[in-house]
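Enquirer: Each chain, letter by letter, is given below.
Protein chains: 2
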Amino acid sequence: MTIKDVCEKFGITADTLRYYEKVGAIPKVGRSQGGIREYDDEALSWVRNAVCLRKAGVSVEAIAEYVRLFNMGDETIEARLELLSNERESLGKQLEELTNAVELLDYKISRYREAVETGVLTWDRDPLGN
Amino acid sequence: MTIKDVCEKFGITADTLRYYEKVGAIPKVGRSQGGIREYDDEALSWVRNAVCLRKAGVSVEAIAEYVRLFNMGDETIEARLELLSNERESLGKQLEELTNAVELLDYKISRYREAVETGVLTWDRDPLGN
DNA sequence: TCTTGACTTGGAGCTAACTCCATATAGTAC
DNA sequence: GTACTATATGGAGTTAGCTCCAAGTCAAGA
Chain A
4 MTIKDVCEKF
14 GITADTLRYY
24 EKVGAIPKVG
34 RSQGGIREYD
44 DEALSWVRNA
54 VCLRKAGVSV
64 EAIAEYVRLF
74 NMGDETIEAR
84 LELLSNERES
94 LGKQLEELTN
104 AVELLDYKIS
114 RYREAVETGV
124 LTWDRDPLGN
Chain B
4 MTIKDVCEKF
14 GITADTLRYY
24 EKVGAIPKVG
34 RSQGGIREYD
44 DEALSWVRNA
54 VCLRKAGVSV
64 EAIAEYVRLF
74 NMGDETIEAR
84 LELLSNERES
94 LGKQLEELTN
104 AVELLDYKIS
114 RYREAVETGV
124 LTWDRDPLGN
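The listed protein sequences correspond, in order, to chains A and B. For the first sequence, our numbering gives the first residue as 4, with consecutive numbering after it. For the second sequence, our numbering gives the first residue as 4, with consecutive numbering after it.
Incorrect hints may appear among the rest.
Each pair may be met inside one copy or between any two copies, as identical chains are not told apart.
Unchecked claim - Under the rule of at most 25 angstroms between Cα atoms (straight-line distance), these lysine to any residue pairs were calculated in the SDA-like manner:
(1) K7 x D44
(2) K58 x R114
(3) K12 x R128
(4) K12 x G95
(5) K7 x E100
(6) K96 x V9
(7) K31 x W126
(8) K12 x E100
(9) K96 x N74
(10) K58 x E106
(11) K25 x L131
(12) K7 x L72
(13) K7 x R114
(14) K12 x R116
(15) K25 x E45
(16) K96 x I39
(17) K96 x R51
(18) K31 x E68
(19) K96 x C10
(20) K7 x E41
(21) K58 x E24
Simulated from the structure, these hints should not be mistaken for laboratory data. Note that this is a predicted model, so its numbers are computed, not measured.
All chains, full assembly: derive it from the sequences and hints.
Expert: Below, the structure written as structure tokens:
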């Protein structure tokens, strides 16, 4: 698979993919004779991993650290478990923040929908709505 | 309430709070004789709004746009509803990405926990685990 | 073979959201 | 009033994560 195919598959740019490789968020990708990247199933699996975690806000640095540990072999299994656990924990917190904000927006939206109908914007929770 | 109190209350720095005011993510805060910020309940409510949305990843620009519309009065109610709905939608997508990543991490973590016990790292879903 | 378009690299440039700094003024305890 | 700490302002600096660019190489079709 060429870099273009991979980009389309995951909805990211070639620059981003090369950047991920450069900083180690995915392992070095194999090349053709002429030096052109050729993505096999394993490479794709790493791309999927990086893209999924990035979309959730995991730092490129953390992803790269995981790849680095992975390439060091079995002695780093515990270190990888700890890294993953830490990231999992911070995503859990992020999930909470996100849920709070969704709740806030849903509340405001309900008030605004009413306001559009009745012409009056009111806040029943907090008298200081905004 | 002084800027320091507000910072402590919300766990952000005074610089951030002044920055939010400068770019309009919160309305202008009232000042004392000498020009020092004095946060009343309404100001606090705006700060709460900004902090909550920022923690979920809503851009400062979008928050500022909401404040701007709010200050323009009742003619902007529909515009505000649309803005809030758009932001709500993108948080919904973000929630999904986050959930996917949490699921991925939980799966990996379960594999790693097993590996720490058994000494063997295996992937039952995808034979190309990483 | 020639042309055209995709791909390569190293490195510079960009944006959002802070974060820090210098200088000056305000408030507070004594 | 003096000393000391907090706050104000404008503007420069920082960081992450891309994004773009130039100059050159590679590959597929006419």
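Enquirer: How do K12 and R128 come out at 25 angstroms by Cα distance, when the copy is not named: within, between, both, or neither?
Expert: between (45 angstroms within a copy, 20 angstroms between copies)
Enquirer: Could you place K12 and R116 in one of the four classes (within, between, both, neither) given a Cα distance threshold of 25 angstroms?
Expert: neither (38 angstroms within a copy, 31 angstroms between copies)
Enquirer: With identical chains treated as interchangeable, where does the CA-CA distance between K31 and W126 reach 25 angstroms or less: within a copy, between copies, both, or neither?
Expert: between (55 angstroms within a copy, 22 angstroms between copies)
Enquirer: Using 25 angstroms as the alpha-carbon threshold, which applies to K12 and E100: within, between, both, or neither?
Expert: Between. Shortest inter-copy distance 16 angstroms satisfies the 25 angstroms Cα cut-off; intra-copy 30 angstroms does not.
Enquirer: At 25 angstroms max between alpha carbons, let me know whether K96 reaches R51 within a copy, between copies, both or neither.
Expert: both (23 angstroms within a copy, 18 angstroms between copies)
Enquirer: 25 angstroms Cα cut-off: does K25 pair with E45 within a copy, between copies, both or neither?
Expert: within (17 angstroms within a copy, 48 angstroms between copies)
Enquirer: Classify it for me, K12 with G95: is the Cα-Cα distance of at most 25 angstroms met within a copy, between copies, both or neither?
Expert: between (28 angstroms within a copy, 22 angstroms between copies)
Enquirer: Please work out whether the CA atoms of K96 and N74 approach to 25 angstroms or closer within one copy, between two copies, in both situations, or in neither?
Expert: neither (29 angstroms within a copy, 33 angstroms between copies)
Enquirer: If the cut is 25 angstroms between Cα atoms, do K96 and I39 qualify within a copy, between copies, both or neither?
Expert: Neither. Shortest intra-copy (41 angstroms) and inter-copy (34 angstroms) distances fail the 25 angstroms Cα cut-off.
Enquirer: Could you figure out if K31 and E68 sit no more than 25 angstroms apart (CA to CA) within one copy, between two copies, both or neither?
Expert: within (14 angstroms within a copy, 43 angstroms between copies)
Enquirer: At 25 angstroms max between alpha carbons, let me know whether K7 reaches E100 within a copy, between copies, both or neither.
Expert: Between. Shortest inter-copy distance 23 angstroms satisfies the 25 angstroms Cα cut-off; intra-copy 36 angstroms does not.
Enquirer: I want to check one pair: K58 and E24. Are their C-alpha atoms no more than 25 angstroms apart within a copy, between two copies, both, or neither?
Expert: within (17 angstroms within a copy, 29 angstroms between copies)
In this structure, the earlier hints numbered 9, 12, 13, 14, 16 are contradicted, and the remaining ones agree with it.
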